[in-house]
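First to last, the protein sequences are chains A and B. Using our numbering, read the first sequence as starting at -16 and increasing by one per residue. Using our numbering, read the second sequence as starting at 628 and increasing by one per residue.
It should be emphasised that the hints constitute simulated quantities derived from the structure, not laboratory data. We put the beta carbon where it would ideally sit given N, CA and C, even for glycine. It is possible that some hints are incorrect.
[As the list claims (entries may be wrong)] Quick list of the computed label-pair ranges, beta carbon to beta carbon:
{"hint": "1", "chain 1": "B", "residue 1": "G811", "chain 2": "A", "residue 2": "Y70", "range": "42 to 52 Å"}
{"hint": "2", "chain 1": "A", "residue 1": "L253", "chain 2": "B", "residue 2": "A656", "range": "46 to 56 Å"}
{"hint": "3", "chain 1": "B", "residue 1": "L745", "chain 2": "A", "residue 2": "P218", "range": "52 to 62 Å"}
{"hint": "4", "chain 1": "B", "residue 1": "R735", "chain 2": "A", "residue 2": "A258", "range": "28 to 38 Å"}
{"hint": "5", "chain 1": "A", "residue 1": "P95", "chain 2": "B", "residue 2": "Q777", "range": "51 to 61 Å"}
Now for the letters of each chain:
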Amino acid sequence: MLSDHTVSILIFAGIDVIMALSFYLPASAGQLSAGQGGFMALGAYASAYLTVRHGTPFPLALAAGALVGGLVGLAVGFPALRLRGLYLVLVTFGFGEMVRVLFLNAPAFGGPVGFAGIPPATTIWHVLGVLAILVYFFTRVSGSRMGRAFAALRDDEAAAEAMGVNSTYVKLVAFATGGVIAGLGGGLYAHYTLFIDPEAFGVGRSLFVMLYAVFGGLASFWGAVAGATILSVLPELLRWVKDWREILYGLLVLIMMLVRPQGLLDAALLARLSARDERAAARG
Amino acid sequence: MSEPLLAVDRLSRSFGTLVVLAGLDLSVAAGGIHAIIGPNGAGKTTFFNLVTGALSPDSGRIRFGGSDIGHLPAYRRTALGICRTFQNIRLFGSMTALENVLLGLHCRTRGGLLAPLLDVPFRRSSGEVAARARAVAVLEMVGLAAKAHQSAVELSYGEQRRLEIARALASAPRLLLLDEPSAGMNPQETLELEALITQVNRRGVTILLIEHKMSLVMKVSKIVTVLNFGQKIAEAAPAEIQRDPRVIEAYLGS
């Protein structure tokens, strides 16, 4: 049996993977978001509010949190339609801060004191279950019509439009789906930590989520999975250096990004890993 | 005379103070190969950008198949049957040749983000299998079937130009706009391109061709329009165009 400590590490790592995937989805369509912490907050607060105040069953509350994340993702997607690259990063960053300040000033959600008394509901099986569904989803999407539209938009938006892709629609779908996934992550988080406050979902959270996906590599969703797993377990592995832990963590990330700026899993590595599948597919 | 497939009416477009198109009237009859030539900066590519919806005109009308399409976004025009290639190759760099062509099928296929979840697990959906078969057939037509699984950017220059044509053909266009398809091709590749253009046209696709290689223009096109300073200065069969003094002047200067 795994110790409680190990299970806790795995649950947090799993939630980090879910969050990294929530960043990866819009990023795969060329939409970089620095506000995934904001969507996570919405999912966390919405689901926790339902279980605490209304006694809503956990799965239902989780779904509601995801829905809130998705709807707000759609709303954020609209102003984001006209923005690219760094400007989009700044606007989504502003969105994340806005959500944080909103909950900071909302007495119904505990304000700066935080929201406590959330019933324990999230188990490792919930996290693994959501992850299994997401991995299956991403595997299917990457070789599908919409998956290709995402990639086309990231590669060359004008060419994608010229080939018949409705970029407005595709971007909104990407933002909303990213919001749904982040909302799910937030709901799972809230029902494991049992206490949430706005600071848990601030800029730091959004940037770490982005770091996980970029560290792992944006060529495939497996990059987000690998990046988030490694970087969220790494602090545990670095315990032996004690006070130097955070410095060493930063140093390792820095070295890695210098050596492999394209991330851990780049296109070349993925091609080698899937070369056998492709050849089999070509024959079959 | 029957209605033209494409008709533009007093089409104008400026960039700042630079007038690129100045009230251009142009009709493209269905079924032919129509070349557009003219010196650099004559407004040829801007004309393509206006027809495909990449740019909006300052004024003027664009009619396609009898209806006004000037207000439609680019992707809607593709769905109506207008597709293009780019002068500076713009393939999707992260995709294979096959995936590029599959993207061209986007507006002829259905299926949203969740569709793959509803299909039989771990197998390609019937729609995806059919789309791949169509894409392979288009690749065969342009002679790239053997390179289907190669990254688009790894192909040779001539192959990339042919792949652009394949990607556009996948969208089942009625009107195909080719923007200098022979640019950078060697004589052998140009000959193959000539055969391909003729073959596509024989399948019923009307072709509008911007081209600098006069040998290619003279051989494939039925009618040639000459642009200069954003206006039409001549329009005739290729043999006549070569003799037109206005055309000679535009090219050689006076």
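Confirm or reject the claim that G811 (chain B) and Y70 (chain A) have a C-beta distance inside 42 to 52 Å. violated (35 Å)
For the pair P95 (chain A) and Q777 (chain B), does the Cβ-Cβ distance stay inside 51 to 61 Å? holds (57 Å)
Distance restraint evaluation - L745 (chain B), P218 (chain A), Cβ atoms, bounds 52 to 62 Å: violated (40 Å)
Hint check for A258 (chain A) and R735 (chain B) - Cβ pair distance inside 28 to 38 Å: holds (30 Å)
Can you tell me whether the CB distance of L253 (chain A) to A656 (chain B) sits inside 46 to 56 Å? holds (48 Å)
Violation of the numbered hints given earlier is confined to hints 1, 3; the remaining hints are satisfied by the structure.
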